[in-house]
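**Student:** Kindly produce the complete structure, drawing on both the sequences and the hints.
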Amino acid sequence: MVIWFAGPAVSEAWQAAPMSYDLAVWEGERPADDAAAARCFRSLYDRFMDTEEAAVPPSERIAAFVGALLERWPDLTEDDDDTSPWSTAPLIGEARGPLIYFPMRWSMADEASAHAAEVASSMGLNCFDPQARKLRHLSCLTEG
638 MVIWFAGPAV SEAWQAAPMS YDLAVWEGER PADDAAAARC FRSLYDRFMD TEEAAVPPSE
698 RIAAFVGALL ERWPDLTEDD DDTSPWSTAP LIGEARGPLI YFPMRWSMAD EASAHAAEVA
758 SSMGLNCFDP QARKLRHLSC LTEG
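At position 40 of the sequence shown (counting the first as 1) the number is 677 in our numbering, and the numbers step up by one without a gap.
Each computed SDA-like pair below joins lysine to any residue, with the alpha-carbon atoms no more than 25 angstroms apart:
| # | residue 1 | residue 2 |
| --- | --- | --- |
| 1 | Lys771 | Gly761 |
| 2 | Lys771 | His752 |
| 3 | Lys771 | Arg676 |
| 4 | Lys771 | Thr725 |
| 5 | Lys771 | Ala701 |
| 6 | Lys771 | Ser696 |
| 7 | Lys771 | Phe685 |
| 8 | Lys771 | Gly665 |
| 9 | Lys771 | Ser724 |
| 10 | Lys771 | Asp659 |
| 11 | Lys771 | Glu664 |
| 12 | Lys771 | Tyr738 |
| 13 | Lys771 | Asp747 |
| 14 | Lys771 | Ala705 |
| 15 | Lys771 | Arg667 |
| 16 | Lys771 | Asp683 |
| 17 | Lys771 | Gly734 |
| 18 | Lys771 | Tyr682 |
| 19 | Lys771 | Met745 |
| 20 | Lys771 | Asp671 |
In short, the hints are calculated from the structure, not lab data.
**Tutor:** Pasting the structure below:
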């Protein structure tokens, strides 16, 4: 374990400038509200990500979701022009079973997360912002 010691100015700057923005996307019924979504995400995360068990391969729908994201921006492993918003590579490596929990560059988070939410919605997947603890909704969609 490495412990960094820094003065208050460095610590405040570090906290004020996030390095990445994370999203979670999963298969399943749409949670009733943000609190239910947070519980669902935590349960899936504990089951598929935070485990000593062997990694479960991504489901077909989650793999298709990742494929759709990579149609717009390249995977970091193929990003020679530094245009990708993803903060990890390969992106599919962040997927386990019915869940993907993935980081993106803070500087591109608005555009990339909006696109990811749109793709997730179009595929009938749930998109959750763990930082805000809220489901991502599309303003152009009406719920019915």
